[in-house]
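Visitor: The listed protein sequences derive, respectively, from chains A and B.
Take the numbering used here: the last position of the first sequence gets the number 116, and nothing is skipped along the way.
Take the numbering used here: the last position of the second sequence gets the number 231, and nothing is skipped along the way.
By construction, these hints were calculated from the structure, which means they are not laboratory data.
We put the CB at the ideal spot given by N, CA and C, even for glycine.
The reader is advised that the hints may include incorrect statements.
What the hints assert, rightly or not - Distance windows between CB atoms, simulated:
#, chain 1, residue 1, chain 2, residue 2, range
1, B, 186, A, 58, 16 to 22 Å
2, B, 168, A, 46, 27 to 33 Å
3, B, 200, A, 111, 21 to 27 Å
4, B, 175, A, 8, 23 to 29 Å
5, A, 80, B, 168, 40 to 46 Å
6, A, 11, B, 173, 32 to 38 Å
7, A, 84, B, 124, 28 to 34 Å
8, A, 47, B, 173, 19 to 25 Å
9, B, 134, A, 42, 22 to 28 Å
10, B, 144, A, 29, 39 to 45 Å
11, B, 130, A, 85, 36 to 42 Å
What the hints assert, rightly or not - Some but not every residue of chain B turned toward chain A, in silico, with C-beta under 8 Å:
#, residue
12, 124
13, 164
14, 167
15, 206
16, 222
17, 227
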Amino acid sequence: AQKITQTQPGMFVQEKEAVTLDCTYDTSDPSYGLFWYKQPSSGEMIFLIYQGSYDQQNATEGRYSLNFQKARKSANLVISASQLGDSAMYFCAMREGRGGADGLTFGKGTHLIIQP
Amino acid sequence: KAGVTQTPRYLIKTRGQQVTLSCSPISGHRSVSWYQQTPGQGLQFLFEYFSETQRNKGNFPGRFSGRQFSNSRSEMNVSTLELGDSALYLCASSLNLLGGTDTQYFGPGTRLTVL
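Start from the sequences and build out the full structure, keeping to the hints where you can.
Guide: This is the structure in structure tokens:
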């Protein structure tokens, strides 16, 4: 069964608009971490934001925020005031607390294109 | 602080050959993980090293191996290359925090092409 599901293969967004990238996850481990990474065409995976399963508040990092809905097992990434440089692949990932035996589990990604 | 570095960045090999990829983690990071990224399978976990010991391993054949040195630098080796091994190989380092809190920082990757 897929542990991380990203249902949006691609998105087109106008510059300066806010964008929400969807991510749902599946785990029975009470302790886990959720991560979002950005991968430009160059290939490097850039860490954006982290949310712990026990965190009471949604994580924020500059223009990035994570809409964490634990009961729904949802961890959507919100990018405010999108910029042309935000065009890239975005991956949601999870690491379970049981020693992270499988490393990071990634979703299939969302290809975000910001249009001027 | 310097990021994760990987060498070489690009590599072309032929079937049956073997290849060694290198990864230098962020200073102070003791955990190194490797991932394979292909268009068909996406990002898949290969293995993780900590204190020179392989701690976790993904579902890959024994042709894929790795090691970690005392300075935390890591290498991965693929023997008897197959066409399907063509991929972007990403290395990530982390502080080795407990539970799921350990944030991994990735290098630029090595793009391997097998002909």
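Visitor: Now, for every hint given, state plainly whether the structure supports it.
Guide: Status of the hints after comparison with the structure:
Between residue 186 of chain B and residue 58 of chain A the CB atoms are about 40 Å apart, so this pair departs from the stated range of 16 to 22 Å. About 28 Å separates the C-beta atoms of residue 168 of chain B and residue 46 of chain A, a value consistent with the hinted range of 27 to 33 Å. One distance hint, 21 to 27 Å for the beta-carbon pair residue 200 of chain B and residue 111 of chain A, holds here, with the actual separation near 23 Å. Residue 175 of chain B and residue 8 of chain A have their C-beta atoms about 27 Å apart, which keeps the hinted 23 to 29 Å range intact.
Checked against the hint of 40 to 46 Å, the C-beta distance between residue 80 of chain A and residue 168 of chain B comes to roughly 43 Å, which is consistent with it. Between residue 11 of chain A and residue 173 of chain B the beta carbons are some 35 Å apart, a value that agrees with the proposed interval 32 to 38 Å. Checking the proposed 28 to 34 Å range against residue 84 of chain A and residue 124 of chain B shows it holds: the Cβ atoms sit about 31 Å from each other. Checked against the given bound of 19 to 25 Å, the beta carbons of residue 47 of chain A and residue 173 of chain B, roughly 23 Å apart, stay inside it.
The hinted range of 22 to 28 Å is satisfied by residue 134 of chain B and residue 42 of chain A, whose Cβ atoms lie roughly 27 Å apart. The hinted range of 39 to 45 Å is not satisfied by residue 144 of chain B and residue 29 of chain A, whose Cβ atoms lie roughly 27 Å apart. One distance hint, 36 to 42 Å for the beta-carbon pair residue 130 of chain B and residue 85 of chain A, holds here, with the actual separation near 38 Å. This hint is violated: residue 124 of chain B has a C-beta 13 Å from the nearest C-beta of chain A, more than the 8 Å allowed.
For residue 164 of chain B, the suggested interface contact is upheld, since its CB lies about 6 Å from the closest CB of chain A, less than 8 Å. Because the closest C-beta pair between residue 167 of chain B and chain A is about 14 Å apart, greater than 8 Å, the hint is violated. About 6 Å separates the beta-carbon of residue 206 of chain B from the nearest beta-carbon of chain A, less than 8 Å, and the hint is met. Checking residue 222 of chain B against chain A: minimum C-beta separation of about 4 Å stays under 8 Å; hint holds.
For residue 227 of chain B, the suggested interface contact is upheld, since its CB lies about 7 Å from the closest CB of chain A, less than 8 Å.
Violated hints for the displayed structure, listed by number in ascending order: 1, 10, 12, 14.
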